[in-house]
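Trainee: So you can see what is in the structure, the chains are spelled out below.
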Amino acid sequence: MSARSHARAGDVAWGRMTKVNGELFALTYGAMVKRLLEDHSEIDEVNEHLEKMGYNIGIRLVDEFLAKSGLPPCSGFVETAEVVAKVAFRMFLGVTADVTGWNPEGTVFSLLLADNPLAEFVELPRQYRTLSYSNILCGVLRGALEMIQYRVEVQFVRDVLRGDDVNELRVELKEIMNEEMSEEYKED
Amino acid sequence: MSGAPEIESSVAESFFELLMFEAFRVAKDSVSSEDPEARAQLVKGRIEAMGFDVGYRKIERSASVKLLGRHPLELIKFVCKDLWLSLFQKQADRLQTNHRGMFVLNDGNFHWLKRLGKRRDPSALELSEHILDFACGILRGALTNLGIQSAVYAEIKEIPSCTFTVKVK
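If you read the protein sequences in the order shown, they are chains A and B. Here our numbering is used: the first residue of the first sequence is 36, the next is one more, and so on. Here our numbering is used: the first residue of the second sequence is 640, the next is one more, and so on.
One chain only, chain A, in its complex shape (with noise of 0.2 Å):
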């Protein structure tokens, strides 16, 4: 499929889902991170509490991605990552993504994100300026990669609210679970 061909699909399926009001979900976002932050004295605590939090709504959100989505499964990695950042990511946030970064061995990939949802109108104070606000899309996209057989990491590298120009996720493919693995993933 083209790129165009994906945003076009992201689009419908855009149009297929119900939606809520956007400051709704910032903020609920906001107040919960806020509760964190106070149950919490570490931040890396934190950082990784919000990661579970997104991949228990990744490994539910990806059935109704599969559902809407109208698409045929996808060719590999690379195109899953034109799926993920054209498609997925504006079904659920109502924004697109773009795929850039990939390393030579088509396992590593960065999504640059202009415009964050989850952020909207949010500043951080300095002391928290080594929390991954966000950090719960990394969580979201490792649970549903996993869901379609891709084991993932994924990090926030850059982030606006921390002072960078973009919002950026690193995401690197650590295997690929399926029962033929190929030699390159093979755990030893």
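Each hint can be trusted.
Some chain B residues near chain A, calculated using beta-carbon distances under 7 Å: (1) E647; (2) S648; (3) S649; (4) S653; (5) E661; (6) A662; (7) V665; (8) M689; (9) D692; (10) V693; (11) L726.
For the record, the hints were derived by calculation from the structure and aren't laboratory data. This structure is a prediction, so every number in the text was calculated from the model and none was measured. Where a beta carbon is used, it is the ideal one built from N, C-alpha and C, also for glycine.
Fit chain B to the supplied structure of chain A, relying on the hints for placement.
Mentor: This is chain B only, laid out in the frame that chain A set:
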């Protein structure tokens, strides 16, 4: 009255709902009381407080709020119509008042309870309580930012129909 329409961003409802349920889990996780009743009260308070934050800040960014007067009835009507519509996809069905500081908002088909469908098992009922505690917090937060101090509680008549009672302090 004129003004640019507020451009509203949106996200998928399913994502929001899953997020809301994770928020409830956060509220439950750090409560360490052994006694189930005390636990339930603490969890309720935490969920309501999260809702309060949401409601308070939601009003902050509502442009149409600036056009309102100060009378509690007018402000609560605003909540029933504009805020309800923005949050719950429809306006509240009915507003009653005794004109002595008590208001009852009725929603026969409360949007957030609809997803429970016909489920009435204990965890569905628990979830419905969390949902309403969160909604009460949102209302109380919104009203506080509109200048009204209140206590807000909800009662389920029969899922998905419920009432929210606002007692102005």
